[in-house]
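Asker: Here's the letter readout for the chains.
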Amino acid sequence: MPELKHGFKIDPAKCEGRMYCMRACPTHAIRVKSGRAHLIPDLCIDCGSCLGVCPSRAISATTISLADLNRFKFKVAVASPALYSQFGLNDTPAQVGRALLNLGFDAVWEYAVDIELVDRAITDVVKKWPGPFPLISDSCPVVVRLIQVAYPSLVDQLLPTEVPREIAGRDVKRRYSQDLGLRPEEVAAIYITPCQAKSISILQPAEEVKSYLDGAIGISEIYNDILFRLRKDTKTLLSDIPEGLADSGDLFHWANPEGEFPNLSREHYLPLTGLTDIMKVFDDVERGRLSNIEFLECHACLGGCLGGNLTVENLYAARSKALHLKANMPSPPPEFENEVARRYATEDFSMRSSIKPRSMAKDVLDLRERVMRRKRAEDILKGLPLLNCGLCGAPSCKDHADDVAQARTEISDCVFLSKARIDQLRKIYKKGPRSSRG
Amino acid sequence: MTAELLRESYHIQGRNFDKAGEISSEIKVILKDLELDAGCIRRVVIVAFEAEMNVVMYADRGTLTLILTDRDISLEVVDEGPGIPDIDLAMKEGYSTASDEMREMGFGFGMGLPNMKKNSDEFCVESEVGKGTSVFARIRLDADA
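Protein sequences appear in the order of chains A and B. Residues in the first sequence are numbered from 1 upward in steps of one, following my numbering. Residues in the second sequence are numbered from 1 upward in steps of one, following my numbering.
Hints may contain errors.
[As the list claims (entries may be wrong)] Keeping only pairs whose Cα atoms sit at most 35 Å apart, straight-line, the calculated DSBU-like set for lysine-lysine is:
| # | chain 1 | residue 1 | chain 2 | residue 2 |
| --- | --- | --- | --- | --- |
| 1 | B | 117 | A | 127 |
| 2 | A | 375 | A | 280 |
| 3 | B | 32 | A | 280 |
| 4 | A | 280 | A | 356 |
| 5 | A | 128 | B | 131 |
| 6 | A | 356 | B | 117 |
| 7 | A | 127 | A | 356 |
| 8 | A | 398 | A | 419 |
| 9 | A | 375 | B | 32 |
| 10 | A | 128 | A | 210 |
| 11 | B | 19 | A | 356 |
| 12 | A | 430 | A | 33 |
| 13 | A | 356 | B | 32 |
| 14 | A | 33 | A | 321 |
| 15 | A | 419 | B | 118 |
| 16 | A | 398 | A | 427 |
| 17 | A | 382 | A | 398 |
| 18 | B | 32 | A | 9 |
| 19 | A | 375 | B | 19 |
| 20 | B | 131 | A | 127 |
| 21 | A | 128 | A | 430 |
| 22 | A | 382 | A | 419 |
| 23 | A | 280 | B | 118 |
| 24 | B | 118 | A | 382 |
| 25 | A | 326 | A | 382 |
| 26 | B | 32 | A | 398 |
| 27 | A | 280 | A | 326 |
| 28 | A | 210 | B | 19 |
| 29 | A | 419 | B | 19 |
| 30 | B | 131 | A | 33 |
| 31 | A | 9 | A | 127 |
| 32 | A | 356 | B | 131 |
| 33 | A | 128 | B | 117 |
Because the hints were derived from the structure by calculation, they are not lab data.
Extracted from the complex, chain A is given alone in its bound form (with noise of 0.2 Å):
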């Protein structure tokens, strides 16, 4: 498996070694080692909650910004519904479309149509579902990766469906393409971000193919830019641009955890947010239970997208204004209906490759040295005073435990086995910003 990209750097100049981040982390995947973090790829997730923490700001995300399209000859924006919602309650969809294209976008993709597509798809591949039960949305790069990582026994109850970004990205391709008799690679399918996983996922897709989507932009890069043009631009907004489908109520399923599937069962089928609540429940699917459900549509963020972490409005205003406008959106135009049913008719929606558990970084041990390891694990721990202080560098004792059982670090980074530790630390943690320190 090649080495793992992840959506976010840490930059070491900025960081302060503040651990916020490590204490955030879900998969325990961050050490801060002489006043520095750092990542053991292997466990990263992508879930970016060490993103919003960073005191800082030391971690940023990497995302692609609007200078880096001028490689394309024609761009295309697949804007996640979560982008609508930012704005005030009176910028419909179609304005924010139209700043969009004032802002250097060619197009503005009618992304409800594909979100629609899935819809069906997956509605279709439950009821042909053979088991086991339940299946799993993947629409969240990080529940894709959480399963991965955490819970490989999960894998195969992984929907077998394309998300609606890569089937947006695969149509918007072929569409311009054949139209302005332009290759592929000239035309930029360019997704709309509300958080980094997506857009790592689209750098290196979990099945481990390469994405029909060229890039990702984060809401927060370009809300300003867009703010500015609903507020201050009117002029060019009203201009003449025709009305696509970007004024569909339909543009706002996929924002909203709780519409994302309209035609499973409620009593088969559990919308999930926030990834503690995500992992109890899959703590019980390993179990064994909940298998009379037969749909869990999970997402890492609270409150599903429209709590992701490059968003800028607070996510109950978003949630509200949401629903403010999919309650005044007119009900699909015929033609909205007629593209859904002529492409449903046409395409596959599966995907393309299988999903697979993410090798560790597999050591030779064999299981009888393994099991050795695990051994010194647990009796270095009962040497360990259990506080999770975290002034060692991981997150809890348990952590320590493990990184000397696995020789990644010495016990002697307990302070309360080392009173070297303590003198270390404070010269690496005295007082005042980093730049007056020797």
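Starting from the known structure of chain A, arrange chain B on it as the hints suggest.
Answerer: Using the frame of chain A, we list chain B on its own:
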């Protein structure tokens, strides 16, 4: 003769639904730590969970022992419970003696023992009415092979 690499015993408290499932969760953590095959872990966890639930539902107390060798994992579950009068009947899918209360909690659909057998490579039950039940399950490490 294969060498025993690891042996862990756990006490199961009967009628404690609140804690039910904790032992199988702990076993899962151990087996994941040991980087065993995902399919094998899944089977062991299902068997351990069903066994744990049976003790919690019917017995006063019990013990679950996990034994790892370089070829397989064995689970031995011994309880002090009412015993099973007719084991063949108990092994039938859908047969259940669970109370309505247990069913309301989502347990006791008569799938426990059959499900354990389905997920084991070797499986046997011994029981004496009024004394208790012992269940033995063996799962090979190369589950999919």
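Asker: Take the hints in turn and mark each one as holding or not.
Answerer: Right, here's what the structure says about each hint:
| no. | hint | result |
| --- | --- | --- |
| 1 | B:117 <-> A:127 | 28 Å, holds |
| 2 | A:375 <-> A:280 | 27 Å, holds |
| 3 | B:32 <-> A:280 | 17 Å, holds |
| 4 | A:280 <-> A:356 | 22 Å, holds |
| 5 | A:128 <-> B:131 | 46 Å, violated |
| 6 | A:356 <-> B:117 | 27 Å, holds |
| 7 | A:127 <-> A:356 | 24 Å, holds |
| 8 | A:398 <-> A:419 | 21 Å, holds |
| 9 | A:375 <-> B:32 | 14 Å, holds |
| 10 | A:128 <-> A:210 | 28 Å, holds |
| 11 | B:19 <-> A:356 | 32 Å, holds |
| 12 | A:430 <-> A:33 | 15 Å, holds |
| 13 | A:356 <-> B:32 | 16 Å, holds |
| 14 | A:33 <-> A:321 | 44 Å, violated |
| 15 | A:419 <-> B:118 | 55 Å, violated |
| 16 | A:398 <-> A:427 | 26 Å, holds |
| 17 | A:382 <-> A:398 | 10 Å, holds |
| 18 | B:32 <-> A:9 | 28 Å, holds |
| 19 | A:375 <-> B:19 | 26 Å, holds |
| 20 | B:131 <-> A:127 | 46 Å, violated |
| 21 | A:128 <-> A:430 | 62 Å, violated |
| 22 | A:382 <-> A:419 | 19 Å, holds |
| 23 | A:280 <-> B:118 | 25 Å, holds |
| 24 | B:118 <-> A:382 | 38 Å, violated |
| 25 | A:326 <-> A:382 | 56 Å, violated |
| 26 | B:32 <-> A:398 | 15 Å, holds |
| 27 | A:280 <-> A:326 | 32 Å, holds |
| 28 | A:210 <-> B:19 | 45 Å, violated |
| 29 | A:419 <-> B:19 | 40 Å, violated |
| 30 | B:131 <-> A:33 | 56 Å, violated |
| 31 | A:9 <-> A:127 | 41 Å, violated |
| 32 | A:356 <-> B:131 | 46 Å, violated |
| 33 | A:128 <-> B:117 | 27 Å, holds |
When each numbered hint is compared with the structure, violations occur for hints 5, 14, 15, 20, 21, 24, 25, 28, 29, 30, 31, 32.
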